[in-house]
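K.L.:
Those protein sequence lines, which keep their order, are chains A and B.
Counting from 255, one number per residue, gives the positions in the first sequence under the numbering used here.
Counting from 255, one number per residue, gives the positions in the second sequence under the numbering used here.
To be clear, the hints were calculated from the coordinates, so they are not data collected in a lab.
Please note: incorrect hints may appear among the correct ones.
It does not matter which identical chain is used: a pair holds within one copy or between any two.
[To be verified] Only pairs whose alpha carbons sit at most 25 Å apart, straight line, appear in this in silico SDA-like list of lysine to any residue: (1) LYS281 <-> THR312; (2) LYS281 <-> PRO324; (3) LYS309 <-> PRO263; (4) LYS281 <-> ARG332; (5) LYS281 <-> PHE259; (6) LYS307 <-> PHE292; (7) LYS281 <-> LEU313; (8) LYS307 <-> ALA384; (9) LYS281 <-> GLU257; (10) LYS307 <-> GLU277; (11) LYS309 <-> VAL266; (12) LYS281 <-> LYS307; (13) LYS281 <-> SER382; (14) LYS309 <-> ASP364; (15) LYS307 <-> GLY388; (16) LYS309 <-> HIS279; (17) LYS309 <-> VAL283; (18) LYS309 <-> THR258; (19) LYS307 <-> GLU377; (20) LYS281 <-> HIS302; (21) LYS307 <-> ARG394; (22) LYS309 <-> GLY319; (23) LYS281 <-> THR344; (24) LYS307 <-> GLY271; (25) LYS307 <-> PRO376; (26) LYS309 <-> GLU280; (27) LYS281 <-> ALA311; (28) LYS309 <-> ALA349; (29) LYS281 <-> ASN322.
Number of protein chains: 2
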Amino acid sequence: MEETFHMVPVGVIRREGESASVEIHEKFVEGLPGLEEFSHLHVLCWFHESDSKVKRATLRVHPRGDRNNPITGVFATRSPRRPNPLALYTSRIHAIRDNRIEIDSIDALDGTPVIDIKPYIPESDSISGATVPGWVRRNRESSAP
Amino acid sequence: MEETFHMVPVGVIRREGESASVEIHEKFVEGLPGLEEFSHLHVLCWFHESDSKVKRATLRVHPRGDRNNPITGVFATRSPRRPNPLALYTSRIHAIRDNRIEIDSIDALDGTPVIDIKPYIPESDSISGATVPGWVRRNRESSAP
Numbered sequence: 255m256e257e258t259f260h261m262v263p264v265g266v267i268r269r270e271g272e273s274a275s276v277e278i279h280e281k282f283v284e285g286l287p288g289l290e291e292f293s294h295l296h297v298l299c300w301f302h303e304s305d306s307k308v309k310r311a312t313l314r315v316h317p318r319g320d321r322n323n324p325i326t327g328v329f330a331t332r333s334p335r336r337p338n339p340l341a342l343y344t345s346r347i348h349a350i351r352d353n354r355i356e357i358d359s360i361d362a363l364d365g366t367p368v369i370d371i372k373p374y375i376p377e378s379d380s381i382s383g384a385t386v387p388g389w390v391r392r393n394r395e396s397s398a399p
Numbered sequence: 255m256e257e258t259f260h261m262v263p264v265g266v267i268r269r270e271g272e273s274a275s276v277e278i279h280e281k282f283v284e285g286l287p288g289l290e291e292f293s294h295l296h297v298l299c300w301f302h303e304s305d306s307k308v309k310r311a312t313l314r315v316h317p318r319g320d321r322n323n324p325i326t327g328v329f330a331t332r333s334p335r336r337p338n339p340l341a342l343y344t345s346r347i348h349a350i351r352d353n354r355i356e357i358d359s360i361d362a363l364d365g366t367p368v369i370d371i372k373p374y375i376p377e378s379d380s381i382s383g384a385t386v387p388g389w390v391r392r393n394r395e396s397s398a399p
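If we strip away everything but chain A, and leave its shape as in the complex, we get:
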């Protein structure tokens, strides 16, 4: 049998209009103290709507489902279709109240399970001068306001 690892949801994404928060489940709230001293965090989510055999067997996509983007290996994209449908977001921490971390608006659906949060540490997480291919730059321009 193939080796697998088991993860438990530690929280959930909540969206209301323009505001968003990470709601940590009560049994994990004790893991929060100290996070308020950081300005930003990583939020790791489980793309639960992509947790199907077919989507997890997908290894090539047109990024963002846009046929103008070249067929690309999923590991070179942030597509939810991938062997383990993990999402990685980076966001500003606006406030932490009880079990809710108020963050910037986030691209994840309301109700998306959260599997981990980590502090953003510029020394290891912030890369200046990282480069990306043309299709990423073009997508950015086309989605600019």
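Given chain A, work out where chain B should sit, using these hints.
P.N.:
Frame of chain A; chain B shown alone:
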């Protein structure tokens, strides 16, 4: 029964002396094309040596096991002891040869399972001016060469 999510290893960390690589398992190699156009990537690993009931029940630690660092919630640290022992690394891509991504040296043990890789996209991943608490700054200074 508590909800759980299942992940499969897609690769493994290989370290030899000062060099390191991510070796992608053959069945997932088709997901790589396009990654060579990025300068940096995120590597998500499973801290397999922390995948125990006791370690996964840990919600407070002295970061880096150093009693000079204040007791902190695990979600405010990068400790391997956490409910889901996920590790997040960011690294330069030196070269991709077949199923091997040659990267900068990495803090993970040889043989650590890799569960996902993602391209580093500065627009969303690089935060300028992110701030951290004093204990993180002090740790950085004390580990400087």
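K.L.:
Evaluate each hint against the coordinates.
P.N.:
Against the structure, the hints come out as follows:
no.	hint	result
1	LYS281 <-> THR312	between (34 Å within a copy, 11 Å between copies)
2	LYS281 <-> PRO324	between (44 Å within a copy, 22 Å between copies)
3	LYS309 <-> PRO263	both (20 Å within a copy, 16 Å between copies)
4	LYS281 <-> ARG332	between (30 Å within a copy, 19 Å between copies)
5	LYS281 <-> PHE259	both (21 Å within a copy, 18 Å between copies)
6	LYS307 <-> PHE292	neither (38 Å within a copy, 28 Å between copies)
7	LYS281 <-> LEU313	between (36 Å within a copy, 10 Å between copies)
8	LYS307 <-> ALA384	neither (33 Å within a copy, 38 Å between copies)
9	LYS281 <-> GLU257	between (27 Å within a copy, 14 Å between copies)
10	LYS307 <-> GLU277	between (28 Å within a copy, 23 Å between copies)
11	LYS309 <-> VAL266	both (22 Å within a copy, 22 Å between copies)
12	LYS281 <-> LYS307	between (30 Å within a copy, 15 Å between copies)
13	LYS281 <-> SER382	neither (38 Å within a copy, 33 Å between copies)
14	LYS309 <-> ASP364	within (20 Å within a copy, 30 Å between copies)
15	LYS307 <-> GLY388	neither (31 Å within a copy, 45 Å between copies)
16	LYS309 <-> HIS279	between (28 Å within a copy, 18 Å between copies)
17	LYS309 <-> VAL283	between (32 Å within a copy, 16 Å between copies)
18	LYS309 <-> THR258	both (17 Å within a copy, 18 Å between copies)
19	LYS307 <-> GLU377	neither (38 Å within a copy, 31 Å between copies)
20	LYS281 <-> HIS302	both (21 Å within a copy, 23 Å between copies)
21	LYS307 <-> ARG394	neither (30 Å within a copy, 43 Å between copies)
22	LYS309 <-> GLY319	within (13 Å within a copy, 40 Å between copies)
23	LYS281 <-> THR344	within (24 Å within a copy, 30 Å between copies)
24	LYS307 <-> GLY271	neither (32 Å within a copy, 38 Å between copies)
25	LYS307 <-> PRO376	neither (36 Å within a copy, 31 Å between copies)
26	LYS309 <-> GLU280	between (31 Å within a copy, 18 Å between copies)
27	LYS281 <-> ALA311	between (33 Å within a copy, 10 Å between copies)
28	LYS309 <-> ALA349	neither (35 Å within a copy, 28 Å between copies)
29	LYS281 <-> ASN322	neither (45 Å within a copy, 27 Å between copies)
Consistency note: the structure conflicts with the earlier hints numbered 6, 8, 13, 15, 19, 21, 24, 25, 28, 29.
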